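Given these sequences and hints, build the entire structure.
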Amino acid sequence: MPLMSLTGNYAVAHAVRLARVKVISAYPITPQTTIVEKLSAMVENGELDAKMVRVESEHSALATVFGAASAGARAFTATSSHGLLYMHEVVWWAAGSRIPLVMAVVTRAIGPPWNIHVDHQDIFDQRDTGWIIGIAQENQEVLDMTLQAFKLSEDPRVYLPVMVGLDGFILSHTRAPVDVPEQELVDEWLPPRRQPYVISPESNYVMGNIAPDEVHFLMRYSMHEAMEAAKTVIKEIDKEYGEVFGRSYGGLIECHNCDDADYIIVITGSWSGDAKVASDMLRENGYKVGVARIRYIRPWPKEELEELGSRAKGIIVFDRAISMGGYGPLYSDVAGTLYSNGGKTSLVGVIAGLAGVDVGAETFKETITSIIHKIEENGFFFEPQLWLLPKDYSSREKMMEVAKRWL
Amino acid sequence: MMIEIRFHGRGGQGAVTAANLLVDAAILEGKYAQAFPHFGAERRGAPVVAFARISDKPIQVHSQITNPDIVVVLDPKIFELVNVVEGLKNDGILVANSKEKPIDVDVKTYCVNATKIAKDLNLVISGWPVVNTTMLGALVKASEIVSLDSIVEAIKRNFSGKLGEANAEAARRAYVETIEC
Chain A
636 MPLMSLTGNY AVAHAVRLAR VKVISAYPIT PQTTIVEKLS AMVENGELDA KMVRVESEHS
696 ALATVFGAAS AGARAFTATS SHGLLYMHEV VWWAAGSRIP LVMAVVTRAI GPPWNIHVDH
756 QDIFDQRDTG WIIGIAQENQ EVLDMTLQAF KLSEDPRVYL PVMVGLDGFI LSHTRAPVDV
816 PEQELVDEWL PPRRQPYVIS PESNYVMGNI APDEVHFLMR YSMHEAMEAA KTVIKEIDKE
876 YGEVFGRSYG GLIECHNCDD ADYIIVITGS WSGDAKVASD MLRENGYKVG VARIRYIRPW
936 PKEELEELGS RAKGIIVFDR AISMGGYGPL YSDVAGTLYS NGGKTSLVGV IAGLAGVDVG
996 AETFKETITS IIHKIEENGF FFEPQLWLLP KDYSSREKMM EVAKRWL
Chain B
4 MMIEIRFHGR GGQGAVTAAN LLVDAAILEG KYAQAFPHFG AERRGAPVVA FARISDKPIQ
64 VHSQITNPDI VVVLDPKIFE LVNVVEGLKN DGILVANSKE KPIDVDVKTY CVNATKIAKD
124 LNLVISGWPV VNTTMLGALV KASEIVSLDS IVEAIKRNFS GKLGEANAEA ARRAYVETIE
184 C
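Taken in sequence, the protein lines are chains A and B. Using the working numbering, the first residue of the first sequence is number 636, and each one after it goes up by one. Using the working numbering, the first residue of the second sequence is number 4, and each one after it goes up by one.
Among the hints, erroneous ones may be present.
As the list claims (entries may be wrong) - As a list, the in silico SDA-like pairs of lysine to any residue whose alpha-carbon atoms are at most 20 angstroms apart:
#1 B:Lys165 with B:Asp107
#2 B:Lys119 with B:Ala169
#3 B:Lys60 with B:Met4
#4 B:Lys60 with A:Glu919
#5 A:Lys979 with A:Phe1015
#6 B:Lys60 with A:Lys1026
#7 B:Lys60 with A:Asp915
#8 A:Lys1026 with B:Phe42
#9 B:Lys60 with A:Asn892
#10 B:Lys60 with A:Arg882
#11 A:Lys866 with A:Tyr876
Read the hints as simulated data drawn from the structure, not as lab findings. The structure presented is a predicted model; accordingly, all values stated were derived computationally and were not measured.
Here is the structure:
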């Protein structure tokens, strides 16, 4: 079958259709809206046999699919930015209840100032909730990761909800070729829904009751254990998906040019593609640079990064989010991981691309080259926060002057 | 090889749809392609930009296009507001909705009166001629990056019935009427 021309959002909708989801609920927000618009059309024209529940907010949207999923239905929702923050309380409820669910998060900056463009502030804000969090690079991967999310979430070793991140506009509204699998193949590959318990009017479960402190503690521990187990399940699913559908991505990280690399770029999301092109250009200039694209920020690919860190001269992390007063979130996790190697590897954290500020392959190349020069001149270089300011604002003074005017 | 195209228009003229249709046509031909809008605070009438990439290999980059091979301009008045040839490669092509060479630049330029074609075929929404499919016909004539047949097929897959036929005819007519200027 020829490839379809699909936006990232439509790729999500096709994955949800192929997973035969039974209940969908969502509230519109840019740049997510076209996911549920497409799903509504699919339900309306009979392509998808699902109940579409209209609600008044994102908090209710996730509560609705959480309820449906608790009652045994495969359920899905999607949101973005402020919508995701508004549903944040229920995000914790779903994970803590160990109810399998899938949600697409179209990554977008958080206001104010109002902004609809991509960064990763919204999805990293969910980092500690107990959801598995994947982030895709291309529309094809968006479809594959969403489809795999159902199997992953419903695996008895895992039983945790899964978020699939796709970059706002850069993927969500970009048309690109996507191979959409045949329904029969998906039906053979994706088992019927499994979940730890099913509530019904007759069942006598009490959800979310006050538990002894020790039980609460132990439930956190069991979620952490499930995350650890998910590492194995993600790799298994990635491998078998490759056997059935012809595409594997490498599990928790996808490595590009990593094998003999002196320097490793750690990055996630669509701009990883530009970083990969930069690494190819840098290799032509004699710099051995590889890209470790983080596919899952939770569970964190600690083992893979430890291994890469143990043989690289330097690790350069690109964050499209910032914990103001702290570090970039990817950087924090990488730094935590590298300490196991005694902190001998040079480490640099770059903050860039916030609010959709464009970063292309040339900019990656220049930035990485200057960092490599510092590492090679000094033998070691440590800089947790290198701000890659937008073009035309390339001094801190100029930046602050503009920021003050906007206060 | 990768070809990068930048479309300039006004909100409502269909620049984003033009990029999408071009990419659909390329995908029909088995090529790799990518179409994406640049959304700012755009609204109806304001200058807008859309991008497309076509390649024989998978496309990894997602950044905006700053050095296009081809610039397509949907609105003759945009030339007064925007430096449309900014970053255009020296051996690049400018495709303009214009009766004559719109700007004095040393760039291979193709012209077509797309507004007239769109009006003739009644491709008018709220009083605005929608010239996107017409300009795709002109783009194909100027560059041959995809075939006219593929453009027509992509148009018909996106617009059914009479609307699809009128848009397809607009592309065909522009293909005939576009000249180097």
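Okay, the hints, checked on the actual structure:
With a CA separation close to 39 angstroms, the supplied pair Lys165 (chain B) and Asp107 (chain B) exceeds the 20 angstroms bound. Under the criterion of a C-alpha separation no larger than 20 angstroms, the hint pairing Lys119 (chain B) with Ala169 (chain B) is consistent with the structure, at around 14 angstroms. Pair hint Lys60 (chain B) plus Met4 (chain B) holds up; C-alpha atoms about 7 angstroms apart against a cutoff of 20 angstroms. Pair hint Lys60 (chain B) plus Glu919 (chain A) holds up; C-alpha atoms about 19 angstroms apart against a cutoff of 20 angstroms.
For a cut-off of 20 angstroms, the pair hint linking Lys979 (chain A) to Phe1015 (chain A) stands: about 8 angstroms separates their Cα positions. About 30 angstroms separates the Cα atoms of Lys60 (chain B) and Lys1026 (chain A), which puts this hinted pair outside 20 angstroms; it is violated. Only pairs whose Cα atoms come within 20 angstroms are accepted, and Lys60 (chain B) paired with Asp915 (chain A) is accepted, the gap being roughly 15 angstroms. Straight-line distance between C-alpha atoms of Lys1026 (chain A) and Phe42 (chain B) comes to about 18 angstroms, which keeps the hinted pair within the 20 angstroms bound.
Between the alpha carbons of Lys60 (chain B) and Asn892 (chain A) the distance comes to roughly 18 angstroms, so the proposed pair stays at or under 20 angstroms and holds. Note on Lys60 (chain B) and Arg882 (chain A): the hinted pairing holds, with a Cα-Cα distance of about 17 angstroms set against a maximum of 20 angstroms. The suggested pairing of Lys866 (chain A) with Tyr876 (chain A) holds, with an alpha-carbon distance near 15 angstroms, which does not exceed 20 angstroms.
Hint compliance for this structure: hints 1 and 6 are not met, and every other hint is.
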